[in-house]
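One line per chain: the protein sequences are A and B, in this order.
Under our numbering, the first residue of the first sequence is numbered 5, with each subsequent residue one higher.
Under our numbering, the first residue of the second sequence is numbered 3, with each subsequent residue one higher.
Honestly, the hints are just simulated from the structure, not real lab data.
C-beta: ideal position from N, C-alpha, C; glycine also.
Accuracy of the hints is not assured; some may be wrong.
As the list claims (entries may be wrong) - Straight-line alpha carbon distances no greater than 20 Å define the calculated EDC-like cross-link-like pairs of lysine to aspartate or glutamate that follow: (1) B/Lys-39 - A/Asp-42; (2) B/Lys-102 - A/Asp-60; (3) A/Lys-61 - A/Glu-34; (4) B/Lys-39 - B/Glu-17; (5) B/Lys-60 - B/Glu-81; (6) B/Lys-102 - B/Glu-7; (7) B/Lys-44 - A/Asp-42; (8) B/Lys-70 - B/Asp-19; (9) B/Lys-44 - A/Glu-5; (10) B/Lys-39 - B/Asp-19; (11) B/Lys-24 - B/Glu-4; (12) B/Lys-70 - B/Asp-51; (13) B/Lys-73 - B/Asp-51; (14) B/Lys-39 - B/Glu-58; (15) B/Lys-60 - B/Glu-85; (16) A/Lys-61 - B/Glu-4; (17) B/Lys-59 - B/Glu-17; (18) B/Lys-39 - B/Glu-85; (19) B/Lys-102 - A/Glu-34; (20) B/Lys-102 - A/Asp-42; (21) B/Lys-102 - A/Asp-63; (22) B/Lys-44 - A/Asp-110; (23) B/Lys-60 - B/Asp-29; (24) B/Lys-73 - B/Asp-29; (25) B/Lys-73 - B/Glu-58; (26) B/Lys-70 - B/Glu-4; (27) B/Lys-39 - A/Asp-110; (28) B/Lys-24 - B/Asp-51; (29) B/Lys-73 - B/Asp-19; (30) B/Lys-102 - A/Glu-57; (31) A/Lys-22 - A/Glu-83; (32) B/Lys-102 - A/Glu-5; (33) A/Lys-75 - A/Glu-57.
To be verified - What follows is a list of derived Cβ distance ranges for each label pair: (34) A/Gly-20 - B/Pro-115: 47 to 57 Å; (35) B/Gly-3 - A/Asp-42: 10 to 20 Å; (36) A/Gly-44 - B/Ser-20: 19 to 29 Å; (37) B/Ala-72 - A/Ala-6: 33 to 43 Å; (38) B/Gln-62 - A/Gly-101: 19 to 29 Å; (39) B/Asp-19 - A/Ser-115: 17 to 27 Å; (40) B/His-74 - A/Gly-20: 18 to 28 Å.
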Amino acid sequence: EAQVTQNPRYLITVTGKKLTVTCSQNMNHEYMSWYRQDPGLGLRQIYYSMNVEVTDKGDVPEGYKVSRKEKRNFPLILESPSPNQTSLYFCASNRVGGGQPQHFGDGTRLSIL
Amino acid sequence: GENVEQHPSTLSVQEGDSAVIKCTYSDSASNYFPWYKQELGKGPQLIIDIRSNVGEKKDQRIAVTLNKTAKHFSLHITETQPEDSAVYFCAASIMDSSYKLIFGSGTRLLVRP
Numbered sequence: 005e006a007q008v009t010q011n012p013r014y015l016i017t018v019t020g021k022k023l024t025v026t027c028s029q030n031m032n033h034e035y036m037s038w039y040r041q042d043p044g045l046g047l048r049q050i051y052y053s054m055n056v057e058v059t060d061k062g063d064v065p066e067g068y069k070v071s072r073k074e075k076r077n078f079p080l081i082l083e084s085p086s087p088n089q090t091s092l093y094f095c096a097s098n099r100v101g102g103g104q105p106q107h108f109g110d111g112t113r114l115s116i117l
Numbered sequence: 003g004e005n006v007e008q009h010p011s012t013l014s015v016q017e018g019d020s021a022v023i024k025c026t027y028s029d030s031a032s033n034y035f036p037w038y039k040q041e042l043g044k045g046p047q048l049i050i051d052i053r054s055n056v057g058e059k060k061d062q063r064i065a066v067t068l069n070k071t072a073k074h075f076s077l078h079i080t081e082t083q084p085e086d087s088a089v090y091f092c093a094a095s096i097m098d099s100s101y102k103l104i105f106g107s108g109t110r111l112l113v114r115p
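In isolation and in its complexed conformation, chain B is listed as follows:
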């Protein structure tokens, strides 16, 4: 079955710097890759997603890139702010076949003021 690996497990950056979180997946049939942000005491919230027919997607300070050949995708956060501090999860899924999300193990991001 699908397996998603996520690195690093913790990441500390200075406010204003960029943060990059990387994930690799094993099932080449996966074609949908969402990223979730989880704040303390809350459920995961979708922040951006990408489908396999697109190599890159951007939404303000957040971008995601996908390399299908290498089976990895990354989350980039630019100009980080303290409110970006949270746990981030990547996930992989096969659209229109199963809606099951396979999650990475999470990255705890700390943005130092």
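Just chain A, same shape as in the assembly:
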């Protein structure tokens, strides 16, 4: 089954404790992206990757890092989480070329106390 898998699905942690949210896709997609979803704001892009070892900032990259060492994986790293990063996070992937639809994971709800 084609899917984007995120882990963990839920996490409650404290300010300053480094955390990583993993994302893996099994569709051999080149493009991967991270979004955060906040009430009334829709989804905003944090970082994206066009292919292995190619990453770039989205609209709200502050406080986040990513890496793309393998095509299937695109982890989101919060080196020193703060309460304003409490949000619902989504990973997405798609093939490049011609308006290919983005496939989303089921989300990771992060609470930073």
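Based on these hints, arrange chain B on the given structure of chain A.
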């Protein structure tokens, strides 16, 4: 940069009635307009999309219309059913240049049995 506005933020309809959600975009270079449905606890799922060389597209009870001159596009759901209840997001993108989706703020649709 691109900005997408979506209205209404909430919509309540009787089962069997039609529902219409409207979006406007600001960047005339945008040429790909997907609609996503998000159910509780799930990631957004593509339900229909339209490209700028087409004015209307239909898939069973769902249709999307695009007015490039006015820079707005709409989602129409006919014969609504309770399982249509969800949050719907419109988005805009520039195909083959950037795969970045700019999302509207979402519409919560409630279909009353």
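A quick look at each hint next to the structure:
With a CA separation close to 16 Å, the supplied pair B/Lys-39 and A/Asp-42 stays within the 20 Å bound. As the CA atoms of B/Lys-102 and A/Asp-60 are separated by approximately 11 Å, the hinted pair is consistent with the 20 Å bound. Among the hinted pairs, A/Lys-61 with A/Glu-34 is consistent with the structure: their alpha-carbon atoms are about 16 Å apart, no more than 20 Å. Of the supplied pair hints, the one linking B/Lys-39 and B/Glu-17 holds, its CA atoms being roughly 18 Å apart against a limit of 20 Å.
For the hint pairing B/Lys-60 with B/Glu-81, the CA-to-CA distance comes to about 14 Å; that is within 20 Å, so the pair holds. For the given pair, B/Lys-102 sits about 16 Å from B/Glu-7 by alpha-carbon distance, which is consistent with the 20 Å threshold. Between B/Lys-44 and A/Asp-42 the CA atoms are separated by roughly 15 Å; this keeps the pair inside 20 Å, and the hint holds. Taking the CA atoms of B/Lys-70 and B/Asp-19, the gap is about 27 Å. The hint is violated against a cut of 20 Å.
With a CA separation close to 16 Å, the supplied pair B/Lys-44 and A/Glu-5 stays within the 20 Å bound. Our distance criterion of 20 Å between C-alpha atoms is met by B/Lys-39 and B/Asp-19, whose separation comes to about 18 Å. Between the alpha carbons of B/Lys-24 and B/Glu-4 the distance comes to roughly 16 Å, so the proposed pair stays at or under 20 Å and holds. Restraint check for B/Lys-70 and B/Asp-51: satisfied, since their Cα atoms lie roughly 15 Å apart, inside the 20 Å limit.
With a C-alpha separation of about 15 Å, the suggested pair B/Lys-73 and B/Asp-51 falls inside the 20 Å cut-off, and the hint holds. With a C-alpha separation of about 19 Å, the suggested pairing of B/Lys-39 with B/Glu-58 holds against the 20 Å cut-off. Restraint check: the Cα-Cα separation between B/Lys-60 and B/Glu-85 comes to about 19 Å, which is no more than 20 Å; the hinted pair holds. Of the pairs offered as hints, the one joining A/Lys-61 and B/Glu-4 holds, with about 16 Å between alpha carbons and a cut-off of 20 Å not exceeded.
Restraint check for B/Lys-59 and B/Glu-17: the C-alpha separation of about 23 Å exceeds 20 Å, so the hint is violated. Distance hint between B/Lys-39 and B/Glu-85 is fulfilled; the C-alpha atoms sit about 11 Å from each other, no more than 20 Å. Under the criterion of a C-alpha separation no larger than 20 Å, the hint pairing B/Lys-102 with A/Glu-34 is consistent with the structure, at around 13 Å. Between the alpha carbons of B/Lys-102 and A/Asp-42 the distance comes to roughly 18 Å, so the proposed pair stays at or under 20 Å and holds.
Using a Cα cut-off of 20 Å, the hinted pair B/Lys-102 and A/Asp-63 holds, with the two alpha carbons roughly 10 Å apart. Restraint check for B/Lys-44 and A/Asp-110: the C-alpha separation of about 5 Å stays at or below 20 Å, so the hint holds. Between B/Lys-60 and B/Asp-29, the direct Cα distance comes to roughly 24 Å. Violation of the 20 Å bound is thereby established for this hinted pair. For the suggested pair B/Lys-73 and B/Asp-29, the alpha carbons sit about 8 Å apart, so the restraint of at most 20 Å is met.
Our distance criterion of 20 Å between C-alpha atoms is met by B/Lys-73 and B/Glu-58, whose separation comes to about 14 Å. The suggested pairing of B/Lys-70 with B/Glu-4 holds, with an alpha-carbon distance near 15 Å, which does not exceed 20 Å. Of the pairs offered as hints, the one joining B/Lys-39 and A/Asp-110 holds, with about 12 Å between alpha carbons and a cut-off of 20 Å not exceeded. The hinted pair formed by B/Lys-24 and B/Asp-51 meets the criterion: a straight-line CA distance of about 14 Å does not exceed 20 Å.
For the given pair, B/Lys-73 sits about 26 Å from B/Asp-19 by alpha-carbon distance, which is inconsistent with the 20 Å threshold. For the suggested pair B/Lys-102 and A/Glu-57, the alpha carbons sit about 18 Å apart, so the restraint of at most 20 Å is met. At most 20 Å may separate the alpha-carbon atoms for a hinted pair to count; A/Lys-22 and A/Glu-83 meet this at roughly 5 Å. Our distance criterion of 20 Å between C-alpha atoms is broken by B/Lys-102 and A/Glu-5, whose separation comes to about 25 Å.
Distance check on the hinted pair: A/Lys-75 and A/Glu-57 sit about 9 Å apart at the alpha-carbon level, within 20 Å; holds. Between A/Gly-20 and B/Pro-115 the beta carbon distance is about 48 Å. The supplied range of 47 to 57 Å therefore holds. At about 18 Å, the beta-carbon gap between B/Gly-3 and A/Asp-42 stays in the expected band of 10 to 20 Å. Taking the beta carbon of each, A/Gly-44 and B/Ser-20 are about 25 Å apart, inside 19 to 29 Å as hinted.
For the pair B/Ala-72 and A/Ala-6, the supplied restraint of 33 to 43 Å holds, since their beta-carbon distance comes to about 36 Å. For B/Gln-62 and A/Gly-101, the hinted distance range of 19 to 29 Å is satisfied, since their beta carbons lie about 27 Å from each other. Restraint check, B/Asp-19 to A/Ser-115: a C-beta distance of roughly 38 Å breaks the suggested window 17 to 27 Å. Evaluation of the 18 to 28 Å hint for B/His-74 and A/Gly-20 yields a failure: the beta carbon distance comes to about 45 Å.
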